[in-house]
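Residue strings, one per chain:
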Amino acid sequence: MQVIVDFDVCESNAVCMAIAPEVFEVRDDDFLYVLVENPSEDLRDKVEEAVRRCPKQAIRLEG
Amino acid sequence: MDAIVVVGASLAGVHAAAALRRDGFVGSITVVDAQAHRPYDRPPLSKELLTGRFGPDDIGLRSAVDLDVTWRLGSAAVGLELNSSGADGAALGGRLLLDDGELAFDGLVIACGASARTLPDAGGPDAGGPDGVGVLRTLDDALALRSALDDGLSSVVVVGAGFIGLEVAASCRQRDVAVTLVEPMAAPLGRILGDDVGLALAGVHRRHGVDVRLGVGVQRVTAAAGDGSGCDVHLDDGSVVTAQRVVVGIGVVPNTDWLQGSGLTIDNGVVCDETLWAAPGVVAAGDLARWPSARFGSMLRVEHWDHAVASGEAAARRLLAGADAPAFDPVPWFWSDQYDTKVQLVGMAGADADAEVVSGSLDDDRFAVVYGRNGRLTGVLGVNRPRHVALMRARVEQGISFDDAVTAARDL
Numbered sequence: 001m002q003v004i005v006d007f008d009v010c011e012s013n014a015v016c017m018a019i020a021p022e023v024f025e026v027r028d029d030d031f032l033y034v035l036v037e038n039p040s041e042d043l044r045d046k047v048e049e050a051v052r053r054c055p056k057q058a059i060r061l062e063g
Numbered sequence: 001m002d003a004i005v006v007v008g009a010s011l012a013g014v015h016a017a018a019a020l021r022r023d024g025f026v027g028s029i030t031v032v033d034a035q036a037h038r039p040y041d042r043p044p045l046s047k048e049l050l051t052g053r054f055g056p057d058d059i060g061l062r063s064a065v066d067l068d069v070t071w072r073l074g075s076a077a078v079g080l081e082l083n084s085s086g087a088d089g090a091a092l093g094g095r096l097l098l099d100d101g102e103l104a105f106d107g108l109v110i111a112c113g114a115s116a117r118t119l120p121d122a123g124g125p126d127a128g129g130p131d132g133v134g135v136l137r138t139l140d141d142a143l144a145l146r147s148a149l150d151d152g153l154s155s156v157v158v159v160g161a162g163f164i165g166l167e168v169a170a171s172c173r174q175r176d177v178a179v180t181l182v183e184p185m186a187a188p189l190g191r192i193l194g195d196d197v198g199l200a201l202a203g204v205h206r207r208h209g210v211d212v213r214l215g216v217g218v219q220r221v222t223a224a225a226g227d228g229s230g231c232d233v234h235l236d237d238g239s240v241v242t243a244q245r246v247v248v249g250i251g252v253v254p255n256t257d258w259l260q261g262s263g264l265t266i267d268n269g270v271v272c273d274e275t276l277w278a279a280p281g282v283v284a285a286g287d288l289a290r291w292p293s294a295r296f297g298s299m300l301r302v303e304h305w306d307h308a309v310a311s312g313e314a315a316a317r318r319l320l321a322g323a324d325a326p327a328f329d330p331v332p333w334f335w336s337d338q339y340d341t342k343v344q345l346v347g348m349a350g351a352d353a354d355a356e357v358v359s360g361s362l363d364d365d366r367f368a369v370v371y372g373r374n375g376r377l378t379g380v381l382g383v384n385r386p387r388h389v390a391l392m393r394a395r396v397e398q399g400i401s402f403d404d405a406v407t408a409a410r411d412l
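Quick note, the sequences are listed as chains A and B, same order. Every letter in the first sequence is one number past the one before it in our numbering, and letter 40, counting from 1, is 40. Every letter in the second sequence is one number past the one before it in our numbering, and letter 148, counting from 1, is 148.
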C-alpha cells in the first residue's frame with residue numbers, strides 16, 4: 001500500500017492527520033508531511049478513511 | 001434487501017452508495033437526482049470555480065467514478081409511498097415517485113440536500129425581482145456568476161455574511177470586483193463562532209477591500225434607477241447600494257416538500273432516530289437529516305461537507321446492519337477558505353460559549369480559540385491553524401475539561 005498525495009491540490013486541512021497521525025502530519029509551517037509512504041496493512045482502514053474524508057480529494061492509495 | 005434507491009447524487013448520496021458496495025451489498029442501487037449533472041463537489045463552487053482556477057470538469061466527485069450504480073440524473077423525486085410494515089417489520093420498502101416514472105425499493109437513502117433561501121421581498125427574476133439577483137448553491141448558479149465575472153462584472157452586493165457569502169465576497173475581490181457585504185447581525189458568523197471571532201473575520205475582508213456593512217438588513221432590491229442595468233439594494237438604514245449583481249447567501253431550506261404526506265416526520269429536515277433511521281427501510285443523510293445527538297444533547301441538522309460524507313456512510317450501514325447499528329454521533333468539522341485565510345472548526349462553539357484564545361491573537365491572521373460550555377471542551381477553532389484543530393479533535397471527542405483543553409492547546 002503506497003500513499004500518494006497531490007501536493008498541488010492539498011490545502012493542509014489536516015483531516016488526514018486527525019484520522020491517521022501515524023501516516024500524516026501537518027507541521028507548524030502548515031505543510032503536510034507523509035511520515036510513512038508505505039504504511040503497514042494494519043493501518044489500511046485508517047488510511048482509506050483519510051482518503052475518503054480529505055476535503056480536497058488529494059490523497060490516493062495504490063496497492 | 002435487493003433494491004436500494006438513493007435520492008440525491010450528492011456528496012452524502014454518493015458516499016452512501018459507495019459504503020453500501022464496500023460493505024458487500026450486491027443488489028441494485030439506483031441514484032436519482034433532479035439535476036442532470038454528474039455528481040460534483042460543492043466547496044469549489046464559491047471558490048476555485050469563481051476565481052477561474054477550476055472549470056466544471058475539475059470538480060467531479062472522485063468517489064462517484066467507477067461506482068457500480070445506475071444513475072438516473074435529471075429525474076426529480078416528487079413523492080414517496082411506503083409499504084405498511086407488519087409487526088415483524090418484514091415489509092420494508094415502497095415506491096419512489098419521479099416526475100418521469102417511479103422506482104420500487106426495499107431500502108431508501110434520502111440525501112437530496114437543501115435549497116438556497118431567497119430574499120422574501122426581492123427574489124430573483126422568477127419571483128418578480130430584477131435581473132441580476134441570484135443565489136449560489138448549484139453548479140448552474142456558480143457558472144452563471146462565473147460567466148458574469150468572465151464578462152467583466154465590476155460590482156456585486158453580497159447579502160448575508162455566512163460561509164457562502166464570505167467565500168463569494170473573497171472570490172469576487174480576488175477578481176477585482178467591488179464588493180459590498182451586508183449582514184443584519186452584529187458580526188459575521190456570530191451565532192456560530194461568537195461576535196469577537198466574527199468581527200476578526202470581518203476585519204480580514206475589510207483589509208481586502210470589502211465594504212462590510214454589519215447590523216443592517218436588506219429591505220428590498222429593485223432594478224437600478226438610471227440607465228436600468230444592475231440592481232439597487234435598499235438597506236434598513238435608508239442607504240442604497242447599487243451593483244451589477246446581487247448574490248444572496250442567507251441559508252438553506254431542506255428539500256423535503258416532496259415528502260409531505262409520505263408518513264415521514266418532517267420538521268426542519270427529515271427527522272430520524274439516533275441511527276439516521278427515518279422509517280422502516282428509510283434512512284436520511286446530509287443537509288436534510290435531523291437526528292438526536294447524545295453528545296450535544298439536542299436535535300442536530302448539519303450542513304457541512306464532512307458531515308455529508310460521514311452521515312452518508314452511517315446511513316448506508318444502518319440500512320444493512322439493522323437495529324444493531326451504532327448511534328451516529330460524530331464531532332462535526334468544517335472548513336472555509338477566504339483569500340489565504342483558512343477557517344476550521346471542530347466541534348461546536350456558539351455565541352454564548354466560553355472562549356479562550358490559545359494561540360496568536362484575534363488581530364493576527366493566525367490564531368486558535370478553544371470553546372467550552374459548563375466546564376467542558378466543546379470545540380476548537382483554527383484560523384490558519386490546521387494543526388491545532390487536527391490535534392485537538394480527539395480531545396473534543398473525549399469531552400475533556402475546558403481548563404485542560406486550554407492548557408493542552410497552548411502547549412501545541
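FYI, nobody ran anything at the bench for these hints, they're computed from the structure. Keep in mind the model is a prediction, meaning the values are calculated, not measured. Misleading hints may appear alongside valid ones.
[As the list claims (entries may be wrong)] Once the Cα atoms are required to be at most 16 Å apart in a straight line, the calculated EDC-like pairs of lysine to aspartate or glutamate come out as:
hint : chain 1 : residue 1 : chain 2 : residue 2
1    : B       : 47        : A       : 11
2    : A       : 56        : B       : 150
3    : A       : 56        : A       : 11
4    : A       : 56        : B       : 58
5    : A       : 56        : B       : 306
6    : B       : 47        : B       : 58
7    : A       : 46        : A       : 28
8    : A       : 56        : B       : 48
9    : B       : 47        : B       : 140
10   : B       : 47        : B       : 57
11   : B       : 47        : B       : 227
12   : B       : 47        : B       : 176
13   : A       : 56        : A       : 6
14   : B       : 47        : B       : 196
15   : A       : 46        : A       : 62
[What the hints assert, rightly or not] Some chain B residues flagged as far from chain A (calculated, every beta-carbon gap over 10 Å):
hint : residue
16   : 103
17   : 306
18   : 309
19   : 391
Here a beta-carbon is modelled for each residue, glycine too, at the ideal position from N, C-alpha and C.
Hint check results:
Pair hint residue 47 of chain B plus residue 11 of chain A holds up; C-alpha atoms about 13 Å apart against a cutoff of 16 Å. For the hint pairing residue 56 of chain A with residue 150 of chain B, the CA-to-CA distance comes to about 25 Å; that exceeds 16 Å, so the pair is violated. Distance restraint check for residue 56 of chain A and residue 11 of chain A: the Cα-Cα separation of roughly 7 Å lies within the 16 Å cut-off, and the hinted pair is therefore satisfied. For the hint linking residue 56 of chain A to residue 58 of chain B, the alpha-carbon distance of about 11 Å falls within 16 Å, and the restraint holds.
Annotation: proposed proximity of residue 56 of chain A to residue 306 of chain B holds, straight-line Cα distance about 11 Å (limit 16 Å). A hinted pair counts as satisfied when its Cα atoms are at most 16 Å apart, and residue 47 of chain B with residue 58 of chain B qualifies at roughly 13 Å. Our distance criterion of 16 Å between C-alpha atoms is broken by residue 46 of chain A and residue 28 of chain A, whose separation comes to about 23 Å. Between residue 56 of chain A and residue 48 of chain B the CA atoms are separated by roughly 12 Å; this keeps the pair inside 16 Å, and the hint holds.
Proposed proximity of residue 47 of chain B and residue 140 of chain B is supported: the alpha carbons are some 14 Å apart, at most 16 Å. For a cut-off of 16 Å, the pair hint linking residue 47 of chain B to residue 57 of chain B stands: about 15 Å separates their Cα positions. Distance hint between residue 47 of chain B and residue 227 of chain B is unfulfilled; the C-alpha atoms sit about 31 Å from each other, more than 16 Å. With a CA separation close to 14 Å, the supplied pair residue 47 of chain B and residue 176 of chain B stays within the 16 Å bound.
Proximity of residue 56 of chain A to residue 6 of chain A is assessed by CA-CA distance (about 9 Å); at most 16 Å being required, the pair is judged to hold. For the hint linking residue 47 of chain B to residue 196 of chain B, the alpha-carbon distance of about 25 Å lies beyond 16 Å, and the restraint is violated. Using a Cα cut-off of 16 Å, the hinted pair residue 46 of chain A and residue 62 of chain A holds, with the two alpha carbons roughly 15 Å apart. Residue placement check: residue 103 of chain B keeps its beta carbon more than 10 Å from all beta carbons of chain A (closest about 27 Å).
Listed as a non-interface residue, residue 306 of chain B fails to keep its Cβ farther than 10 Å from every Cβ of chain A; the least gap is roughly 6 Å. At roughly 6 Å from the closest C-beta of chain A, the C-beta of residue 309 of chain B falls inside 10 Å, breaking its exclusion from the interface. With 10 Å as the threshold on Cβ separation, the claim that residue 391 of chain B sits away from chain A is violated: the shortest Cβ distance comes to roughly 8 Å.
Of the numbered hints stated above, those contradicted by the structure are hints 2, 7, 11, 14, 17, 18, 19, listed in ascending order.
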